[in-house]
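Now for the letters of each chain:
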Amino acid sequence: MAAISREEVAHLARLSRLAVTEEELDTFAGQLDVILQAVAQVGEVAAADIPPTSHSVPLTNVLREDVVTPCLTPEEALSGAPDAEEQRFRVPRILDEEAAS
Amino acid sequence: MTDVTALTATQIAGLVATGETSAVEVTRAHLDRIAAVDDRVNAFLHVDTEGALAAAREVDARRAAGEELGPLAGVPVAVKDVLATRGVPTTVGSKILEGWRPPYDSTIVQRLRAAGTVMLGKTNMDEFAMGSSTEYSAYGPTRNPWDTDRIPGGSGGGSAAALAAYEAPLAIGSDTGGSIRQPGAVTGTVGAKPTYGGTSRYGLVAFSSSLDTPGPCARTVLDAALLHAAIGGHDPRDSTSIPAPVPDVVAAAKLGATGDLSGVRLGVVTEFGGEGAEPGVMAAFNEAVGALTKLGAEIVEVSCPHFRYALPAYYLIAPSECSSNLARFDGVRFGLRVGDDGNRSLEEVMSLTREAGFGPEVKRRIMLGTYALSSGYYDAYYGQAQKVRTLITRDFTAAFEQVDALISPTTPFVAFPLGARTADPYQMYLADLFTIPTNLYGGPGISVPCGLSAGLPVGLQVMAPTMADDRMYRVAAALESAVGTFTPPTL
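Sequence order for the protein chains is A and B.
Just so you know, the numbering used here puts 49 at position 49 of the first sequence, and the rest follows in order with no gaps.
Just so you know, the numbering used here puts 85 at position 85 of the second sequence, and the rest follows in order with no gaps.
These are computed hints drawn from the structure, not numbers from a lab.
One or more of the hints may lead you astray.
Taking lysine to aspartate or glutamate pairs in the EDC-like style, the calculated list, with each CA pair at most 20 Å apart, reads [as the list claims (entries may be wrong)]:
(1) LYS95(B) with GLU348(B)
(2) LYS294(B) with ASP260(B)
(3) LYS95(B) with ASP260(B)
(4) LYS95(B) with GLU44(A)
(5) LYS95(B) with ASP340(B)
(6) LYS95(B) with ASP83(A)
Bound conformation, chain A alone:
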């Protein structure tokens, strides 16, 4: 498997919403490369006719009656929020300047 480049790591950081530093990019590129080369072994063994297992327990949808039950109060739900306003989570502005203009 091809080595991972510094540019690819920068792209992954953007996808992952991580504002990594230049120094981190160098470190992560080297480390991810070693890890990816080691884990590439999985390609050696599993043939096309092997079904994948995503979960060791068969998953079933768990449903309950649609009735009102006790739940968190707005104050409790917002108690860990960095910012709140009028019983809602307050978020930073969603549009950047380019999009807003």
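Dock chain B against the given chain A, drawing on the hints supplied.
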């Protein structure tokens, strides 16, 4: 340490039940012990003195009122900081949740409270349970009570060290790739990963949802079984919870303690035969195999050819699930927010918050998972890893047609010095070489102390079929009856 902190959970519960001591006295003794030694161990991130004493007083009041108490009533317990505890800080060892006090209890903690146990506080861990040494905690590493210059294992190093330092008789951990069993092995304590779905994940901060399994840590097999019985069982709030009763693990531990394993067939995995393991670890393991034979067990060599692919498969599956699970830490609903100065967009604030809040191992795994799931690589990495998971499950199924349980060393090496493996992440990952197959399969596994190598503890792992948790407790208790428990040097 005072006398009461040296006792097992079973002994403490007995004394509280008969009134020979009170839950408050027991709790105070453990809080005093924490105050005396935890600056050297750093097992606890938060000690809930008031909450613990209040819970202890309640147990004493119930006893005074003539109420029949459960088998763990009045016993202190330390809880890994991965579980939500109402009103008590829960950080997952991360700066991104520093100071967060959940408005609800996880199911495990609810059950601990219902059982009358006394929660002492929250234990240190690798950030988001990612690590094998508790060196990736944002709040400093935990140290191994056997040698404070060495690691206590990870990610549940805090829970295991709290037991080995006699700061608590019981603790809770969570095991995604070995995070209960591996710290148990390197601290000379007992750690059990229940069958996946046998313990509830409700209120457990998710790392890798298809693998995470909360479970018991203790200094004896019987204590671990009692704790397992108290926290296990179906939880309708967890869609992966198995709707079946937990096998009678306590009876199995008591049966094992009689030291009779006649008619039990144990498989030694050929592929774990020494490759990558320290000679001292293999020597202690082989001696323990001899002890099991003397108890009547038949030892059979069993080949599990795909186990060698478990580590690479795990390091694709777990980071993939983590990259998705950790997307919720965006600085909006809880925890840290960085850069919200009115000029930056939500996306910028999110990126700055995650950069400041997550440590290096978490970032590595998020990026690794993002890579493995990305278009063009999905089939080569994540898809292949899920197929390997099938092959490993087939290996287990075939093995359990030949034997009742599998045994192996828990870890390839004893506790290594702090800092020895942090520079090379893949070297660190090897610490979980022997524990990971069980997580991919979903079955139970337990680590029980089996000897020493160069004065440091070695663990023996027992692996059983899914929902046969009782079987592993029987074997573990039998081994414990033969080799005894191991006491670390006095701190």
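Exercise. Does ASP260(B) lie within 20 Å of LYS95(B) when you go C-alpha to C-alpha?
Worked result: Violated, at roughly 49 Å.
Problem set entry | Restraint check for LYS95(B) with ASP340(B), where alpha carbons must lie at most 20 Å apart | Within the cut-off at roughly 17 Å; holds.
Problem set entry | Straight-line alpha-carbon gap LYS95(B) to ASP83(A), limit 20 Å | The hint holds at about 17 Å.
Exercise. Taken at face value, is the distance from the CA of ASP260(B) to the CA of LYS294(B) at most 20 Å?
Worked result: Holds: LYS294(B) and ASP260(B) sit about 9 Å apart, inside 20 Å.
Exercise. Are the Cα atoms of LYS95(B) and GLU348(B) separated by 20 Å or less?
Worked result: Distance of about 19 Å is within 20 Å: holds.
Exercise. LYS95(B) and GLU44(A): Cα distance at most 20 Å?
Worked result: 39 Å, violated
Hint compliance for this structure: hints 3, 4 are broken, all remaining hints hold.
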